[in-house]
Every structure is written in C-alpha cells, then in structure tokens.
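Asker: Numbered per our numbering, the sequence shown finishes at 172, counting up by one with no gaps.
Hint data in this document are derived by calculation from the structure and do not stem from the laboratory.
Hints are not guaranteed to be accurate.
Claimed, not checked - Calculated pairs, DSSO-like style, for lysine-lysine (alpha carbon to alpha carbon, straight line, at most 27 angstroms):
#	residue 1	residue 2
1	Lys142	Lys10
2	Lys49	Lys82
3	Lys108	Lys74
4	Lys95	Lys71
5	Lys10	Lys95
6	Lys142	Lys131
7	Lys131	Lys74
8	Lys49	Lys74
9	Lys9	Lys82
10	Lys142	Lys95
11	Lys95	Lys82
12	Lys9	Lys95
13	Lys108	Lys82
The structure displayed is predicted, hence computed values, not measured ones.
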Amino acid sequence: MPRHTRKKSRTGIYHVIMRGINRQRIFEDDEDDEDYERFIETLKSYKALSGYEIYAYCLMGNHFHLLLKVGKEDLELVVKRIAGSYVYWYNLKYGRCGHLFQDRYKSEVVEEDPYLLTVIRYIHQNPIKAGLCNCVSEYKYSSYGEYIAEDSRLVDVSLGIRMTSGQPFA
C-alpha cells in the first residue's frame, strides 16, 4: 500500500510524533537524564541550522512530541536531522545498530488558533495520561516548565502566551 503524501501546513506549524521501534524505550537513563538532555541539546543545535521554532515538546520513555514551526528547511529535513543525530549517538552509547524509531514520523498540521492551544495542552498533559505523574509541573522532560518560568532555553513561549491573551498566531 503506497504512502500518502504529507499535508502541508499553511502556517508551517506541525505536531510531530515519533515512537520507538516495537514501542521500545528511546530514552533509557532516567537516573542521570543523559539521554533526555542529549535529545534536548540536539533540538537546540539544529534549531539554529534549520531555523525552526519550537512551541512545545514532551519526551516520554518510548516516544516524543514536538510542536514546531519550520523555517529555512522543510519538515522532512528537520526531522531527519534531529532523529538521525540522536539515533547515531544512542546506538554508539548503547552499542547497538539499526533503527530506533518505528515507521516514519507522524505529523499533524496546525492551522487554527484554538487547535494550537489544544496541541500545547495535549503535549504537556501526555505524562499524566501515561500515569507518570499527577500534575504537569512534576514532569521534567517537557516544555511546561519553560512556560511557567517564562525562562525559555529552547521553546518560543511568547506565541502560546500571546494566544492565551486572545491574540491570533497567524
């Protein structure tokens, strides 16, 4: 069965999801956070090169969510850079070879103001739905803390904050 072409977003904003192959863990080190931190550093390093903006993220044990707006490069290249770099490092660290991610990444276009806020909430509430915590502020591998502190290391929180005050994103 042939693959369907991805829908292009008019706004350039996408909700991207990638899951570990066979639902295996893609972030192993819960104790020292090295895997999570490496993925975040990968996002930071390619952000400048690819020119994308990140509005939300959540790194779960066996998958991740990103809400991003593409910049200089198409979504396909952005995801290829991020995933490829992380897989290369992960395989080297754990002495393994082969695929880490299942299938190709999932992406949903985000073109409406209310839907953008819905996706940000959905991403931040993912750990609660998975039973990893009782409150979004307890989970340390998401962008929620950057919204609360308004101290952004990686995420452009200004768009989400503007939208909660009634200003459109497009």
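Asker: Each hint should be assessed against the structure and marked as holding or not.
Answerer: Quick rundown of the hints versus the structure:
Of the pairs offered as hints, the one joining Lys142 and Lys10 is violated, with about 32 angstroms between alpha carbons and a cut-off of 27 angstroms exceeded. Pair hint Lys49 plus Lys82 holds up; C-alpha atoms about 13 angstroms apart against a cutoff of 27 angstroms. The suggested pairing of Lys108 with Lys74 holds, with an alpha-carbon distance near 21 angstroms, which does not exceed 27 angstroms. Using a Cα cut-off of 27 angstroms, the hinted pair Lys95 and Lys71 is violated, with the two alpha carbons roughly 30 angstroms apart.
For the hint pairing Lys10 with Lys95, the CA-to-CA distance comes to about 35 angstroms; that exceeds 27 angstroms, so the pair is violated. Note on Lys142 and Lys131: the hinted pairing holds, with a Cα-Cα distance of about 15 angstroms set against a maximum of 27 angstroms. For the suggested pair Lys131 and Lys74, the alpha carbons sit about 34 angstroms apart, so the restraint of at most 27 angstroms is broken. At roughly 10 angstroms between alpha-carbon atoms, Lys49 and Lys74 fall within 27 angstroms of each other, so this suggested pair holds.
Our distance criterion of 27 angstroms between C-alpha atoms is met by Lys9 and Lys82, whose separation comes to about 17 angstroms. Pair hint Lys142 plus Lys95 holds up; C-alpha atoms about 23 angstroms apart against a cutoff of 27 angstroms. For a cut-off of 27 angstroms, the pair hint linking Lys95 to Lys82 stands: about 20 angstroms separates their Cα positions. A threshold of 27 angstroms between alpha carbons decides the hint, and for Lys9 with Lys95 the separation of about 35 angstroms lies outside it, so the pair is violated.
Our distance criterion of 27 angstroms between C-alpha atoms is met by Lys108 and Lys82, whose separation comes to about 13 angstroms.
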